[in-house]
Amino acid sequence: MDPLLRPGHCAPCMPSALGAPQADVFDRMDVRAAAGAFGAAPVAGAGGALQASFSPYQDNGGTVVAVAGKDFCVVASDTRFGLGYSIPARKVSRNVVLTDQVVLATAGMQADTSTLHKVMRTRLRMYQQNHNKPMSLTSVAQMLANTLYYKRFFPYYTFNVLGGIDEAGEGFAYGYDAIGSHEKVKVVCTGSAQSLIQPVLDNQVDGKQLQMGADPPPALSLEQTVDLVKDCFSSAGEREIYTGDFVEICKITKTGVEIELFELKQD
Amino acid sequence: MFRNQYDTDITTYSPQGRVHQIEYAMEAVKQGSAVVGLRAKDYVVLATLKRSTSELASNQRKLFEIDSHVGVAISGLTADARVLTRFMRTECHNHKFVYETSMPVSHLVLTIADKCQVSTQRASKRPFGVGLLVAGYDATGAHLYQTCPSGNYFEYKAFAIGARSQSAKTYLERHFETFEELDLKDLCRHAILALQETVSSSKDTELTTKNTAIAFVGKNQSWKIVEDDDVEPFLTVLDVEDDDEDDAVAPESSAPVEMDQS
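Protein chains in written order, with this note's numbering: chain L, 79 to 345; chain C, 288 to 549.
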């Protein structure tokens, strides 16, 4: 479980060397099976002990997306809480509305996600009281990075996207890694379906990797962006086991945040 | 108040069983300008008179948000008030983080009172020279509390502290029985009329948008401060002549304000 790698991706290792994937915080690996996979003859009758191991991390899956437009931003995340091949919960929120112009969405380990969201909400409340104004998108972006790097040597197992409207009224998104490295962009996706959705958004919104002579895509309206995001989640849900159930879509405009719940397949 | 023996030290009782230093601290609260609070079933309103040291200065703010469901009005040493409000905000943040609910107002006031008490029982400290009117709305309804430098706290249906607050209290005593069922607008009306009682006989001849600030909190109403030009609609109640207002003024010692008080 290396939070610095992309979620759902372990370092390459012997397939089934350790039996079923270690999903939970506490897991047991069959030492005898491990010995067999390495080619050594299993030790007959001796022990075959189960070894318990503890990891502070757990991958609960989920995908989060932020797509920014000229004067709006759409931040969406699926609501499936996964664990190994199981689904402990279908409607767990991964979004937090930090101000009426900024939304944070987080994939990865749900325990770290909810704690990170609580910490961010508390710090934003303190900022509002001390400065007499809500925090701007740029400031929230930097503060999130600082909060994540603060735990550089025991990271929050979280993959964040931040979306909102900056002080000039323009929509922007930020993508983060687990320890706070961040980039200001127009589209970003992270989480278990990142490799499925990010290329589509790059092409359809940013106009990357187009064929020679093709026209760049037109700027999308809020409704078109929401439709695109819904299509992305529907498609990802078909192909990826950790994404599904519902999508919580936050539409941020200068009047505030509107939330829509979009249904996906439950398989 | 006159000079006493046994009043040099906070750790010395007088033979009558009083600690004079605590009482002197409470005098500091009386030096601040008036603050009025009233409570209905679903709302609490605080009205304050903002003093300014000179024409050049801005008027000292006396209302502070603690959390979306609690706010305070201060009277006395402003610097001490700042320390207390910062402490209250931290307490509320911590409570929300740990328990995912707003802090009950009674518990918050208790923590302030305990904090104030600590500095009445140490030779190395002095008491906080500020009194608060704490207005909040929680699961048990609307509440108005007063805190003292002594570490005592009291719950009220209506109260006033600061300079010439007795006049406001007299007004409130006449009307408080009607407050329970009032809506926010009428409650604010009474608050302004009560506050006006405190200016009748002083150099601030009337309530204006510059020296008046009002705040309220309650059911489906987050703490909100109204000041400057936004106060204008609330002050219109003063234009209506109220004939049955006896000016039962009992002026308290109005020594000139020397320290940083408001």
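It is worth saying that the hints were derived from the structure and are not from the lab. Fair warning: there could be bad hints in the mix.
Unchecked claim - Dumping the calculated SDA-like pairs for lysine to any residue here, alpha-carbon to alpha-carbon at most 20 Å: (1) C:Lys444 with C:Arg461; (2) C:Lys511 with L:Met204; (3) C:Lys511 with L:Lys196; (4) L:Lys211 with C:Arg369; (5) C:Lys511 with L:Ser192; (6) C:Lys383 with L:Leu202; (7) C:Lys511 with L:Lys148; (8) C:Lys511 with L:Leu202; (9) C:Lys511 with L:Pro277; (10) C:Lys383 with L:Ala189; (11) C:Lys383 with L:Tyr205; (12) L:Lys211 with C:Thr377; (13) L:Lys211 with C:Ser355; (14) C:Lys511 with L:Asn208; (15) L:Lys211 with C:Arg348; (16) L:Lys211 with C:Val513; (17) L:Lys196 with C:Ser389; (18) L:Lys308 with L:Gly291; (19) L:Lys148 with L:Gln344; (20) C:Lys511 with C:Ser355; (21) L:Lys211 with C:Asp515; (22) C:Lys383 with L:Gln206; (23) C:Lys511 with C:Asn346; (24) C:Lys383 with L:His195; (25) L:Lys196 with C:His380; (26) C:Lys383 with L:Thr200; (27) L:Lys211 with C:Lys444; (28) C:Lys402 with C:Lys444; (29) L:Lys211 with C:Lys402; (30) L:Lys264 with L:Gln302; (31) C:Lys383 with L:Lys264.
Predicted model, so just to flag it, every value in this text is computed and none were measured.
Cross-check of the supplied hints:
Restraint check for C:Lys444 and C:Arg461: the C-alpha separation of about 12 Å stays at or below 20 Å, so the hint holds. Distance restraint check for C:Lys511 and L:Met204: the Cα-Cα separation of roughly 17 Å lies within the 20 Å cut-off, and the hinted pair is therefore satisfied. About 24 Å separates the Cα atoms of C:Lys511 and L:Lys196, which puts this hinted pair outside 20 Å; it is violated. The hinted pair formed by L:Lys211 and C:Arg369 meets the criterion: a straight-line CA distance of about 19 Å does not exceed 20 Å.
Our distance criterion of 20 Å between C-alpha atoms is broken by C:Lys511 and L:Ser192, whose separation comes to about 29 Å. Taking the CA atoms of C:Lys383 and L:Leu202, the gap is about 13 Å. The hint holds against a cut of 20 Å. Between C:Lys511 and L:Lys148 the CA atoms are separated by roughly 33 Å; this puts the pair beyond 20 Å, and the hint is violated. Distance check on the hinted pair: C:Lys511 and L:Leu202 sit about 18 Å apart at the alpha-carbon level, within 20 Å; holds.
Proximity of C:Lys511 to L:Pro277 is assessed by CA-CA distance (about 47 Å); at most 20 Å being required, the pair is judged violated. Taking the CA atoms of C:Lys383 and L:Ala189, the gap is near 17 Å; set against the 20 Å cutoff, the hint holds. A hinted pair counts as satisfied when its Cα atoms are at most 20 Å apart, and C:Lys383 with L:Tyr205 qualifies at roughly 16 Å. For the hint pairing L:Lys211 with C:Thr377, the CA-to-CA distance comes to about 18 Å; that is within 20 Å, so the pair holds.
Pair hint L:Lys211 plus C:Ser355 holds up; C-alpha atoms about 14 Å apart against a cutoff of 20 Å. With a C-alpha separation of about 16 Å, the suggested pairing of C:Lys511 with L:Asn208 holds against the 20 Å cut-off. A threshold of 20 Å between alpha carbons decides the hint, and for L:Lys211 with C:Arg348 the separation of about 17 Å falls inside it, so the pair holds. Proposed proximity of L:Lys211 and C:Val513 is supported: the alpha carbons are some 16 Å apart, at most 20 Å.
About 14 Å separates the Cα atoms of L:Lys196 and C:Ser389, which keeps this hinted pair within 20 Å; it holds. Simply put, L:Lys308 and L:Gly291 have alpha-carbon atoms about 28 Å apart, too far for the 20 Å limit, and the pair is violated. Proposed proximity of L:Lys148 and L:Gln344 is contradicted: the alpha carbons are some 34 Å apart, above 20 Å. Restraint check for C:Lys511 and C:Ser355: the C-alpha separation of about 8 Å stays at or below 20 Å, so the hint holds.
Taken as a hint, the L:Lys211 and C:Asp515 pair is honoured in the structure, with Cα atoms around 18 Å apart against an allowance of 20 Å. Pair hint C:Lys383 plus L:Gln206 holds up; C-alpha atoms about 16 Å apart against a cutoff of 20 Å. Taken as a hint, the C:Lys511 and C:Asn346 pair is honoured in the structure, with Cα atoms around 19 Å apart against an allowance of 20 Å. About 13 Å separates the Cα atoms of C:Lys383 and L:His195, which keeps this hinted pair within 20 Å; it holds.
Note on L:Lys196 and C:His380: the hinted pairing holds, with a Cα-Cα distance of about 10 Å set against a maximum of 20 Å. Our distance criterion of 20 Å between C-alpha atoms is met by C:Lys383 and L:Thr200, whose separation comes to about 8 Å. Between the alpha carbons of L:Lys211 and C:Lys444 the distance comes to roughly 32 Å, so the proposed pair goes past 20 Å and is violated. A hinted pair counts as satisfied when its Cα atoms are at most 20 Å apart, and C:Lys402 with C:Lys444 does not qualify at roughly 24 Å.
Straight-line distance between C-alpha atoms of L:Lys211 and C:Lys402 comes to about 29 Å, which puts the hinted pair past the 20 Å bound. This hinted pair checks out: L:Lys264 and L:Gln302 have alpha carbons roughly 15 Å apart, not beyond 20 Å. Our distance criterion of 20 Å between C-alpha atoms is broken by C:Lys383 and L:Lys264, whose separation comes to about 34 Å.
Hints 3, 5, 7, 9, 18, 19, 27, 28, 29, 31, counting from the list given before, are not met by this structure.
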